[in-house]
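Colleague: Sequence:
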Amino acid sequence: YRDRNIPIKNISIKSLRSDYEVIKKELSIDDLASVESLDLEYNKNNKIRRLSYTIKDQNNKTYFISTNGKSYSINTSKTYESEDETFMFSSMGYYNMDIETLLDVMSNTKFKKYENTSYYTAIYKNEENYYENDKNLYIVDLANYSTKKLNSKYPIYDAVDISHMPMEQVSEGSWTSTKTDTYLMRYNIDEELDE
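Residue numbering for the sequence shown follows this note's numbering, starting at 1 and increasing by one per position.
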């Protein structure tokens, strides 16, 4: 469980998946690694400002992976799970996004761009979300990474998504997000309205 530093020459949004393949091979991470969280900040020219993500594999290991200039820092720890969590992982694994799919979505999706933006933040958390009357929902087609606005008069539940926010500078060293666009990778629509 020692910490590792893996040098990668050109860390960019387009290379997230190939960077991970190098990390996966170096650390012998198994194929069924799931994402607990991912936090990405990038400039308008798609240059990464900051990236960190946490994954768990089936070998009871948790990996905290973050960019560090021209390398990735990886901290590995033992995963201590209660029986309830193990059961949840196996039965509800449908909601748990695998890291390869998520990195492909991050690298290939054309997220909505805005004027007067200093940088963008994209966040994924391994949790199911619920949306009602939300006007900024987009569907990501995992086959080609195209996006389409979702206009549903019904609530959205069991959503697996990425929150994408334009960040504007408000003062020296201070930024704020003025809005959040939500990109759905999986979801259900509740069409059973109570009469």
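Accuracy of the hints is not assured; some may be wrong.
[Stated by the list, open to error] Using 25 Å as the maximum straight-line C-alpha spacing, the simulated BS3-like pairs for lysine-lysine come out as follows: (1) K70 with K14; (2) K14 with K78; (3) K44 with K153; (4) K14 with K148; (5) K61 with K44; (6) K149 with K14.
[Unchecked claim] Okay, the calculated beta carbon distance ranges per label pair: (7) N59 with E192: 18 to 26 Å; (8) E172 with D104: 33 to 41 Å; (9) K113 with I139: 15 to 23 Å; (10) I139 with S71: 33 to 41 Å; (11) E192 with F64: 17 to 25 Å; (12) K47 with Y80: 34 to 42 Å; (13) V170 with R4: 17 to 25 Å.
Since the hints were made in silico from the structure, they are not lab data.
From the three backbone atoms N, C-alpha and C, an ideal C-beta is built for every residue, glycine too.
Colleague: Holds or violated: K14 with K148, Cα cutoff 25 Å?
Modeller: Judged against 25 Å, a Cα distance of about 21 Å means the pair holds.
Colleague: Would you say the C-beta atoms of K113 and I139 sit inside 15 to 23 Å of each other?
Modeller: 18 Å, holds
Colleague: Taken at face value, is the distance from the CA of K14 to the CA of K149 at most 25 Å?
Modeller: Within the cut-off at roughly 24 Å; holds.
Colleague: Take a quick look at whether K14 and K78 sit within 25 Å of each other, Cα to Cα.
Modeller: With a Cα-Cα distance of about 30 Å, the restraint between K14 and K78 is violated, given a limit of 25 Å.
Colleague: Is K61 within 25 Å of K44, Cα to Cα?
Modeller: 35 Å, violated
Colleague: So does V170 sit 17 to 25 Å from R4, Cβ to Cβ?
Modeller: Cβ of V170 to Cβ of R4: about 37 Å, so the range 17 to 25 Å is violated.
Colleague: Is the Cα-Cα distance between K70 and K14 25 Å or less?
Modeller: 15 Å, holds
Colleague: With 33 to 41 Å as the target window, see if E172 and D104 comply at their CB atoms.
Modeller: Taking Cβ atoms as reference, E172 and D104 lie about 37 Å apart, which means the hint holds.
Colleague: Go ahead and decide if the range 18 to 26 Å is satisfied by the Cβ distance of N59 to E192.
Modeller: Violated: the Cβ-Cβ distance is about 41 Å, outside 18 to 26 Å.
Colleague: Has the given pair, K44 with K153, been kept, meaning a C-alpha gap of at most 25 Å?
Modeller: Not satisfied, since the Cα-Cα distance of roughly 33 Å exceeds 25 Å.
Colleague: CB of I139 to CB of S71, is that within 33 to 41 Å?
Modeller: 35 Å, holds
Colleague: Okay, K47 versus Y80 on CB: inside 34 to 42 Å?
Modeller: For K47 and Y80 the Cβ distance comes to about 37 Å; the hint holds.
Of the numbered hints listed earlier, those contradicted by the structure are 2, 3, 5, 7, 11, 13.
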